[in-house]
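**Student:** Read top to bottom, the protein sequences are chains S and A. The opening residue of the first sequence carries number 51 in this note's numbering; numbering runs sequentially from there. The opening residue of the second sequence carries number 51 in this note's numbering; numbering runs sequentially from there.
Do not rely on the hints blindly, as some may be mistaken.
Said to hold, decoys possible - Below 20 Å or equal to it, Euclidean Cα-Cα: the simulated SDA-like pairs (lysine to any residue) are:
1) A/117 - S/347
2) A/117 - S/340
3) S/117 - A/344
4) S/333 - S/411
5) S/333 - S/347
6) A/117 - S/370
7) S/117 - A/347
Calculated from the structure, these hints are not laboratory results.
2 protein chains.
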Amino acid sequence: MFQAQAQWGLARTGQLELRGKQLRTPAFLPVGTYGNVKGVSPDQLAAVGAEMILANAYHLHDRPGEKDVVRFGGLHRFMSWDRLILTDSGGFQVFSLLDIAQLDDEGVSFRSPVDGRRLRLGPREVVEIQLALDSDIAMVLDHCPPLPADRAALATAVRRTTAWARAAREHHARHDRRGQAQFAIVQGGLDDDLRRRSAAELIELDFDGYAIGGLSVGEGSAALQAAAARYAPLLPPDRLRYLMGVGRPADVLAAIAAGFDVFDCVLPTRNGRHGTVFRGRGKIHLRSGRYRGAEGPLDEDCDCVACRGWQVGVLRHHLVVGDPLAGTLCTLHNLRFLFRLVERARAAIEAGTMPDLLDEWELPQPRPD
Amino acid sequence: MFQAQAQWGLARTGQLELRGKQLRTPAFLPVGTYGNVKGVSPDQLAAVGAEMILANAYHLHDRPGEKDVVRFGGLHRFMSWDRLILTDSGGFQVFSLLDIAQLDDEGVSFRSPVDGRRLRLGPREVVEIQLALDSDIAMVLDHCPPLPADRAALATAVRRTTAWARAAREHHARHDRRGQAQFAIVQGGLDDDLRRRSAAELIELDFDGYAIGGLSVGEGSAALQAAAARYAPLLPPDRLRYLMGVGRPADVLAAIAAGFDVFDCVLPTRNGRHGTVFRGRGKIHLRSGRYRGAEGPLDEDCDCVACRGWQVGVLRHHLVVGDPLAGTLCTLHNLRFLFRLVERARAAIEAGTMPDLLDEWELPQPRPD
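Looking at chain S on its own, in the form it has when it is part of the complex (with noise of 0.2 Å):
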């Protein structure tokens, strides 16, 4: 399933192959939370370079619901995407965003915020809809408390996480008919300790990939960086190491440096249909006046549609007279710059050449083991 190639320290290429379809690693997985990345076509987000898009199994439960993406002949045609698509769990979403009406070990209760009615989710209830959804890699239902969280709450949801996992790897065993991924998500907060003890639990439930969870929630990029690299080696080497939610692109190639290999996050879509773009090593607010009349493209060395083909003034006027072409177009900016940084690191790793990499981005070199 997942092969490492090259190896610069920790940091490393590989491909996962499922189903037949391949992942380059590293690679950024965008954000399709509803089954779409808004406002961007599938043909646009392949021409980026986007091999694999996350969906939200929570969120497409709550709508359309299951039910009707099968009726529509599965995800991938509902999604109208034949490369690989890895559904989250909604753990995050729902730990996160909403009010819990009930939670215990079989779950977790709460209303949508849709329309009001009761949703209940548990470990083998979100099994069942990513089978029924058909996505090529899975990912359990996890328990992720909101930070910050007292030792206690981070290692009751470490125990909940591995017994929900446990469920979920069981189901899904018995009910998988078409060889579909599962991934588990480590918690533990920035409790080394609980990361640890949370790592060995999942690992030893063997699972086809993992994930770091429950970080990239405010705690700032020093602390998320630096969590990055001590937990990446929690992680088996043999097994795609995804680290949830980082889509910083000085996060990102960090985290790359640290060894992990995936990567998800909705701001550079986000920021994007909002005019919030990637340029050098920040990112600039097109709607400011500033950018009124502004010539040249959004970055010289871009070789994005929209770098080619607006400069940035006139994405600001479309941006400005509410043209929905603007947000598109800025989106697929973000990502591509993004996957630039990916394309880039992969040709670092195996030239050896990361320390310039990171020396660029004026990130620190990561120290040998």
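Keeping the supplied structure of chain S fixed, place chain A upon it in accordance with the hints.
**Tutor:** Quick look at chain A alone, frame taken from chain S:
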């Protein structure tokens, strides 16, 4: 410049050649008021068959201002569109949508609905704006009174439209250096005498093409189609005949049968953005709950990207969850629907099978002269 080709009754196919670019007629012009068809990229527009886009001189004067467009390299670079561009003058918008502060034989003053600043448009100003924009075809400023209007008001509008057209023609002849074409707009409401007078006075001024303006303003399809049949013969057969503001498929087809060559309308694109799509001989509102879970494409016969890649219930889902892609796909479907219709009309005129196409749309056969 314009060459009529096949003929069937009054209907004709033809080709406009301008600055090395072609427009095959009959043709529909998608509306890109502010320099882009909302939510649609130029390559998507070319893919549905568009050869000429309409942009609006008044709107671009208001935002971003023609000076900015010049700075960006002219309207073609601004729009990232190297095919033909026609700029409407804005007469229709100024007279229909805004509170006029002052109207006299020299022009019209009003406040920008965007920021309230005073704007002034006269026939020469509009020529200068369009020469700066460097569109391929420039429409003159016309006096387009909102209907219903009494005969005196219509007669004043015709008189002023002719006076403004004369001023615009002279100003254009003096200042055009790049072979921009200039079209006149016939006014006169539904008064046949005034239409005849308006057409005769404008033909005297020898424009490159002629439009019928001031129709499709709520008079209904029957009155519109009858007026199109009466007014097309007023325009010279060796020039492009343009019926402004018409985009309902049946109206377009009837107007083609009457002898018109080109059409524009915001309807297919504005409707599409809001999920109202052409289907059969009518239209449907995709947001309606009846399309929840609906399988199959919008139109089995349609070759557009929406119909090839998405089922009706999936398009509805993306619309309901607020994904701008839904509006883009519906816009592309509506445009492709119209382009397929004008392509079928071209073929039917060449093959002599227009009666069958008119029958299919339950339209009357034009009487032979």
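**Student:** All the hints need checking, so say for each whether the structure fits it.
**Tutor:** Hints, verified against the model:
1. With a C-alpha separation of about 19 Å, the suggested pair residue 117 of chain A and residue 347 of chain S falls inside the 20 Å cut-off, and the hint holds.
2. Annotation: proposed proximity of residue 117 of chain A to residue 340 of chain S holds, straight-line Cα distance about 17 Å (limit 20 Å).
3. Our distance criterion of 20 Å between C-alpha atoms is met by residue 117 of chain S and residue 344 of chain A, whose separation comes to about 12 Å.
4. About 14 Å separates the Cα atoms of residue 333 of chain S and residue 411 of chain S, which keeps this hinted pair within 20 Å; it holds.
5. Between residue 333 of chain S and residue 347 of chain S the CA atoms are separated by roughly 14 Å; this keeps the pair inside 20 Å, and the hint holds.
6. Between residue 117 of chain A and residue 370 of chain S the CA atoms are separated by roughly 17 Å; this keeps the pair inside 20 Å, and the hint holds.
7. Restraint check for residue 117 of chain S and residue 347 of chain A: satisfied, since their Cα atoms lie roughly 19 Å apart, inside the 20 Å limit.
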